[in-house]
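Go ahead and model the full structure; you've got the sequences and the hints to work with.
Protein chains: 2
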Amino acid sequence: MSKLLAVGTVAFDAIETPFGKTDKILGGSGTFVGLAASQFGIETGVVSVVGGDFPESYLSMMNDKGINTDGVEVVKDGKTFFWSGRYHNDMNSRDTLVTELNVLADFNPVVPEAFKNASIVMLGNLHPLVQLSVLEQMNEKPKLVILDTMNFWMDSALGDLHTVLKRIDVITINDEEARQLSGEYSLVNAAKKIHEMGPKYVVIKKGEHGALLFHNGKMFFAPALPLAEVFDPTGAGDTFAGGFAGYLAKTEDVSFENLKNAIIYGSNLASFCVEKFGTQRMEELTADEVKHRLEAFKELTQFDIRLS
Amino acid sequence: MSKLLAVGTVAFDAIETPFGKTDKILGGSGTFVGLAASQFGIETGVVSVVGGDFPESYLSMMNDKGINTDGVEVVKDGKTFFWSGRYHNDMNSRDTLVTELNVLADFNPVVPEAFKNASIVMLGNLHPLVQLSVLEQMNEKPKLVILDTMNFWMDSALGDLHTVLKRIDVITINDEEARQLSGEYSLVNAAKKIHEMGPKYVVIKKGEHGALLFHNGKMFFAPALPLAEVFDPTGAGDTFAGGFAGYLAKTEDVSFENLKNAIIYGSNLASFCVEKFGTQRMEELTADEVKHRLEAFKELTQFDIRLS
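Note that the protein sequences, when read in sequence, are chains A and B.
Mind the numbering: the first sequence is residues 1 to 308 in our numbering, read in order.
Mind the numbering: the second sequence is residues 1 to 308 in our numbering, read in order.
Accuracy of the hints is not assured; some may be wrong.
Identical copies look the same in the list; a pair holds intra-copy or inter-copy alike.
[Stated by the list, open to error] Once the Cα atoms are required to be at most 25 Å apart in a straight line, the calculated DSS-like pairs of lysine-lysine come out as:
| id | residue 1 | residue 2 |
| --- | --- | --- |
| 1 | Lys24 | Lys65 |
| 2 | Lys166 | Lys206 |
| 3 | Lys206 | Lys24 |
| 4 | Lys218 | Lys206 |
| 5 | Lys3 | Lys24 |
| 6 | Lys276 | Lys218 |
Hints listed in this document are in silico derivations from the structure and should not be mistaken for laboratory results.
Written out as structure tokens, the structure reads:
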């Protein structure tokens with residue numbers, strides 16, 4: 001069976017939106033990636049760290065979904081990473097209220113033996129040297145390595161980021177970060193510059209404005225599905241990445257044509273994530289719902305022009 | 001031959017962008033709509049008004065493109081509508097430096113006899129009562145009436161706008177204006193409310209983020225083509241509308257499926273408009289270039305998922 005290795009955070013979130021407010025609930029990039037990938041019936045191993053305060057029930061929920069959590073280290077006398085944020089009325093911008101790194105501050109990911117031969121590796125948004133240390137634990141070169149990063153590492157660890165960029169295949173990044181990393185305003189030019197840094201595929205996430213895939217001068221675009229209500233955007237980007245990575249692990253085809261499909265699956269799953277608070281929608285999501293929504297994506301984007 | 005009637009401005013623009021600055025050059029919504037529609041080999045009649053200062057060479061350029069300008073009134077002792085603006089570095093926002101309405105202040109559009117039976121009518125962004133007066137001059141109900149409007153009329157003539165909305169088929173509007181008109185933040189909900197005001201098709205223009213078509217709970221999305229350089233965005237929205245209307249006039253098929261194609265053609269032509277200052281790119285555009293770019297749109301959006 002195909003294997004996906006996902007390194008990221010498993011954490012607590014507390015979220016305020018115009019629709020309501022949560023206590024500490026399950027969150028984290030590794031969690032959302034794992035839940036999205038679990039739709040594909042592959043073996044997903046999550047590597048992360050939590051504190052002694054992390055409920056076992058969360059880990060067993062993930063296990064029930066087929067997610068392997070052997071790589072989630074539990075630091076008994078530590079506290080789990082905690083993020084709290086408040087979304088503005090437009091749901092597109094948010095203020096961070098609290099960031100407590102806790103056990104994440106000393107995170108040294110250890111890849112379980114069973115996942116050292118994973119074909120697809122998803123390196124969540126962590127220090128570039130932490131991302132690099134994961135690659136160095138692999139038994140063989142994975143079929144495809146996907147890296148997520150953010151402006152924080154461009155500001156604080158740009159040299160290390162460039163080192164790891166040379167070792168990966170796909171970078172996922174938002175539009176502003178692509179501009180910062182490349183120094184180019186146009187996303188077409190930004191992608192070209194980022195190609196030169198290493199990644200042969202550049203995925204630019206534009207939130208409600210969809211996602212762009214660039215590869216050697218070729219482009220593909222997947223819109224976000226317009227929704228009547230966006231309830232909570234937390235985790236949508238990670239769910240997108242998890243759908244993308246999970247689909248590639250399932251199909252084991254890393255051609256440009258198949259990466260297009262992976263982008264569509266990422267958008268598909270992300271459109272569910274935002275419908276409820278936290279991981280709730282992803283926990284209850286069924287294969288039929290995903291299939292049905294794939295039809296909605298086709299209707300949204302496919303056309304048939306026959307003009308003589 | 002199919003006929004398109006386009007009512008709008010024929011005007012002077014002076015434009016500043018990070019790439020340079022123009023003197024008074026040819027502009028106006030009617031001009032851009034006409035030039036876009038001229039790609040379809042249909043009869044396009046532009047109805048507008050200019051002053052005695054308007055160069056005949058501009059009108060003859062339009063005539064050479066097959067655009068009928070019999071409906072462009074020339075007020076000999078008046079001055080042509082003039083707009084001047086400066087784009088910011090991101091090319092997505094601009095400051096208006098000058099707006100001189102001049103002869104446009106007393107514009108009473110007169111539809112030439114030959115266009116009173118046009119199958120497609122494009123009502124450019126003008127006072128709603130001026131738009132209404134055009135519809136009342138038609139000999140028969142057109143196959144499709146498209147209306148463009150803006151927040152200015154929502155603020156100053158909302159009642160009149162609602163009157164004309166009951167008489168039209170398609171509204172083209174930007175995302176912020178759709179939110180203002182409907183009082184709904186979600187574009188899905190905004191489109192639903194706007195449907196109830198009259199238009200059975202709602203086209204929401206999102207500039208560089210593409211365009212959405214809504215019809216009875218169905219949706220279609222066309223991205224803007226990502227470009228290495230956007231030189232001057234002036235007229236892109238009108239070019240989009242002209243491509244949309246021109247394609248519909250050419251095909252005389254106003255089904256939802258064919259409106260999808262029209263949206264793609266609108267995006268196609270708009271992607272050229274921004275490549276040079278003012279109307280320059282649209283004046284020199286060839287059918288082969290349009291055909292070639294249609295392929296780029298297909299590559300950008302079409303996918304083929306076969307997952308068992």
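To see whether the hints hold, each was checked on the structure:
1. Lys24 with Lys65: within (22 Å within a copy, 65 Å between copies)
2. Lys166 with Lys206: within (24 Å within a copy, 36 Å between copies)
3. Lys206 with Lys24: Result: close neither inside a copy nor across copies, 27 Å intra and 36 Å inter.
4. Lys218 with Lys206: The answer is both: 18 Å in one copy and 23 Å across copies each meet 25 Å.
5. Lys3 with Lys24: Close neither inside one copy (31 Å) nor across copies (62 Å); limit 25 Å.
6. Lys276 with Lys218: between (35 Å within a copy, 23 Å between copies)
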